[in-house]
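Enquirer: Each protein sequence line maps, in turn, to chains A and B. Positions 1 to 295 (the UniProt record's numbering) are the ones given, in order, by the first sequence. Positions 1 to 640 (the UniProt record's numbering) are the ones given, in order, by the second sequence.
Hints are supplied without guarantee of correctness; some may be wrong.
[What the hints assert, rightly or not] No farther apart than 25 angstroms at their CA atoms in a straight line, the calculated lysine to any residue pairs in the SDA-like style are these: (1) A:Lys-227 with B:Gln-423; (2) B:Lys-107 with A:Pro-82; (3) B:Lys-520 with B:Glu-495; (4) A:Lys-224 with B:Gly-620.
To be clear, the hints were calculated from the coordinates, so they are not data collected in a lab.
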Amino acid sequence: MAWYDEDSWATAAFAPRLATMALTLALVLVLPILLHQFVYRRVTPTALPTFLLVGPSGAGKTALLTLTERKTVAPTHTSTSPLTIETLLPDGFTPSSSQFRSPGDPAYERARRFLLVDTPGHGKLRHFATAQLVNPTHVRGIVFVVDAASIAEEAGLTEAAEYLHDVLLALQKRYTGARTSKGPKEIPVLIAANKLDLFTALPPHLVGRALEKAVSEVRKSRAKGLKDSGVGMGMGGEDDGVDEEREWLGEGGEGNFEFRHMEEVGTGVVVKGGNVLGGEGTDVQAWYEWIAEQL
Amino acid sequence: MLDTFEILTTSGVVLWSRTYVPVGANIVNSLIRDVFIEERIQPQSEDAGQKPAYRKEGYTLKWTAAKDLGLIFVAVYQSLVHLTWIDKLLDNVRALFVGLYGEQLAKEHSSVVDCQKFGPYFDRQIQELEGASRGASSTPNVKLTPPSSSNDSAGEESPSLPVLEKSQKPLYDTSADSTPVPTPDTSRPTTPAQSHLVTGKTRPGGKLSRKDRKKSALNNSAPVSSGDEASTKRKLGGKAAGKKGRTWGEFGAEELDPDVVLDYSSTDIRDANSETEALEEIKPETWGRKTGKGQFVLKDLDEEMDAIIAEQNSKKESSAPSSGIVGSSIGAIGGLFRNVVGGKTLTKEDLAKPLQGMEQHLLKKNVAREAAVRLCESVERDLVGLKTSTFTTIESTIRTSMEKALTKILTPTSSLDLLREIQTVNSSSRPYVLSIVGVNGVGKSTNLSKIAFFLLQNHHRVLIAAADTFRSGAVEQLRVHVKNLKELSKREGGEVDLFEKGYGKDAANIAQDAVTFAAKNGYNVVLIDTAGRRHNDARLMSSLEKFGKLANPDKILMVGEALVGSDSVAQARNFNASFGPGRGLDGFVISKCDTVGDMVGTLVSMVHATGIPVVFLGVGQHYADLRGLNVGSVCRLLMS
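With the hints as constraints, model all of the structure from the sequences given.
Expert: Here it is as structure tokens:
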């Protein structure tokens with residue numbers, strides 16, 4: 001039975017039969033609906049700007065998040081999973097993009113809206129944050145929260161510095177690894193020195209200096225340290241490049257590290273102090289101002 | 001008695017809490033760290049009917065989780081108190097909370113859950129369970145002191161607060177009114193501590209409270225003042241009356257006075273007695289009336305509560321079996337379809353088979369059985385009750401979950417930065433002491449020389465102490481290593497020497513001498529080689545404790561070979577425990593990684609057994625073949 005026979009499927013498909021018509025009709029009606037459902041499934045209308053909260057455990061990331069969301073601080077414990085909230089910039093802060101808009105403008109309201117992503121700071125759970133840093137599509141800024149009181153001690157400083165080093169290095173890699181000549185969008189970093197209400201807390205500028213020093217220490221010992229097992233073991237390492245050059249944070253890893261070195265790779269770093277909890281209420285104005293500048 | 005009950009999310013926000021006695025936040029934090037993140041304490045299986053417990057600083061914590069919503073329910077109480085109803089409370093509260101606020105919790109991009117009205121439900125649960133347990137055991141339980149603070153996450157004052165107050169009130173009113181006598185109105189001196197406790201205990205139960213009071217009255221050495229206690233009534237009264245008739249009548253007039261007094265008291269007691277009798281008559285009535293008054297709220301609450309719990313439970317049950325042939329076949333087809341498309345809610349049965357496969361896969365990679373089982377269990381715990389995301393099969397879901405579990409187990413809590421630590425220790429002008437232990441023939445001396453080479457490259461002055469005074473040729477072997485290292489490091493600027501005392505001496509003393517020698521002669525680092533020992537030989541292992549005390553190393557590393565199979569778990573455990581309380585291993589060096597290909601399961605087994613991170617990997621025969629651990633690549637090897 002060839003295709004040109006009278007009772008073949010090709011003839012049937014073009015013949016004025018009821019079944020053919022019904023099938024065609026069904027197809028015509030159903031296909032657009034299915035197509036619509038497929039295409040328009042789960043597409044958010046606009047991507048909100050995102051701010052990432054990172055930092056060592058116990059610095060006050062989740063507390064800051066709850067403060068931003070509900071204007072009061074909820075009691076918090078160690079986080080084990082990330083949390084995203086959608087929130088508005090508090091009253092009294094104007095997003096820099098809409099400085100000349102009037103408060104009644106719907107665009108103004110829209111500009112004040114942003115997402116805040118909290119990540120767990122425990123050493124074992126930092127992959128949530130680093131995964132975000134690898135492909136930061138909507139990330140407008142990173143808030144690195146540190147406990148200014150624990151910075152005063154060696155252990156706390158080391159932990160914070162190592163984490164900060166990793167975050168900054170990830171940002172630098174993203175910049176230097178960019179394929180286009182234009183380079184990716186800038187992602188500034190705010191180092192939020194939290195818990196300034198405590199007696200033992202260092203003032204913000206000292207926090208900055210201590211961290212700069214500690215980061216250069218970390219960089220130095222990383223440079224001298226052993227190579228990764230991924231390189232040496234020869235297997236599994238092939239796909240991500242055995243002879244990939246190791247990268248050093250800021251100006252090729254020479255001299256002392258300073259935060260302004262990061263500016264040439266599109267990452268401005270500022271240190272600002274504040275406290276989420278505290279006897280005389282909270283003081284997070286500086287951080288909100290910084291967020292407003294980025295919006 | 002319960003100290004604190006908290007409902008928190010996995011992201012760390014406390015949604016609702018009820019505090020009876022303030023408990024430091026660090027208690028719950030350490031629960032989260034030790035149990036949920038580092039998995040240092042292995043949760044017992046739940047089929048024992050018991051919820052897992054965690055002890056910390058005199059507190060016992062019990063918890064349960066609602067994984068799909070990311071909730072953790074934690075109850076904290078003093079370890080001294082044995083509370084049998086906590087498990088039930090956790091279950092009920094979970095069912096209630098999920099039933100009431102499930103929708104709010106599922107909302108995206110928000111951490112706010114308006115659960116201010118949860119207080120009455122919780123109180124009612126506690127009352128019910130406490131009452132039930134008391135009825136069953138009839139041991140006197142201390143009643144909960146009223147909550148000092150009930151704070152709720154939403155924080156803001158809400159108009160619904162009066163409702164909460166109102167519904168709470170009847171609960172307390174009933175308990176206060178139904179314990180009729182010991183109110184301050186009687187204004188009689190109550191017996192100090194005990195009776196006070198008992199009055200605190202008394203509850204609408206009636207019968208039992210009287211029993212308690214009787215007991216307390218008997219216990220009291222001076223029951224005179226307890227005229228207010230109804231329970232002293234008959235016995236005391238009868239005795240007094242008897243005495244009066246028999247003894248006091250025969251004595252002088254002056255003794256009639258006490259008689260009169262006594263008589264007085266007895267009448268007083270009778271009065272009180274009758275009073276309580278009357279009160280007791282009224283009691284059920286008042287109780288009823290009070291409850292009648294409060295009933296509108298209470299009953300409503302009760303019914304609603306029961307309905308929610310029943311609904312949650314039925315949901316749980318219905319998800320397991322489907323009824324009827326049609327239902328089951330549709331369910332089966334749907335399950336198959338969902339397995340391909342995703343969106344299937346995972347049950348234990350679904351996971352059983354793929355997990356078995358996963359376990360086999362891990363065993364093939366030389367992971368010890370114990371570790372493999374535990375990993376699979378943790379994956380199962382992670383996944384049961386979750387929905388697979390779109391277009392993922394169960395197998396791939398398990399795979400990603402297993403990768404996550406492996407990454408978590410292998411990632412150290414804080415990375416070891418040897419050079420930095422040496423710097424810190426040296427700044428206090430003493431040498432950094434690192435010692436190496438392990439089973440025979442795993443490569444202790446070789447890895448020690450590798451570490452020495454690494455330190456020499458960084459211009460340190462290294463002293464190698466030959467504390468293996470047992471095996472023939474051990475000292476000579478180290479001497480050769482030192483000679484080679486000297487040659488190699490001549491240009492680099494490091495300096496290395498051997499500290500030896502020959503054979504047969506006590507290793508611990510040699511180690512100690514080496515440390516003092518190094519401190520005197522300005523060495524930065526002391527590396528101590530020890531004799532290999534079998535981990536299940538108690539005689540050999542016992543000398544390690546002395547060694548640890550005398551040499552007091554900053555870091556003790558254990559060398560384990562990648563070739564070893566399921567013995568690795570026991571090795572790691574025994575060596576970790578051999579240094580006495582308060583001291584353990586600080587890290588593992590896994591040697592001979594180049595000889596096993598992708599079967600690097602030993603790493604996982606050792607870390608699983610102790611929670612101590614792998615610091616170095618030996619990947620070859622040369623001095624430079626020492627590597628840090630790259631968690632990602634090891635995971636890839638294990639999953640390939």
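Enquirer: Now look at each hint and say whether the structure bears it out.
Expert: Verification of the supplied hints:
Taken as a hint, the Lys-227 (chain A) and Gln-423 (chain B) pair is honoured in the structure, with Cα atoms around 20 angstroms apart against an allowance of 25 angstroms. With a C-alpha separation of about 15 angstroms, the suggested pair Lys-107 (chain B) and Pro-82 (chain A) falls inside the 25 angstroms cut-off, and the hint holds. This hinted pair checks out: Lys-520 (chain B) and Glu-495 (chain B) have alpha carbons roughly 16 angstroms apart, not beyond 25 angstroms. For the hint pairing Lys-224 (chain A) with Gly-620 (chain B), the CA-to-CA distance comes to about 20 angstroms; that is within 25 angstroms, so the pair holds.
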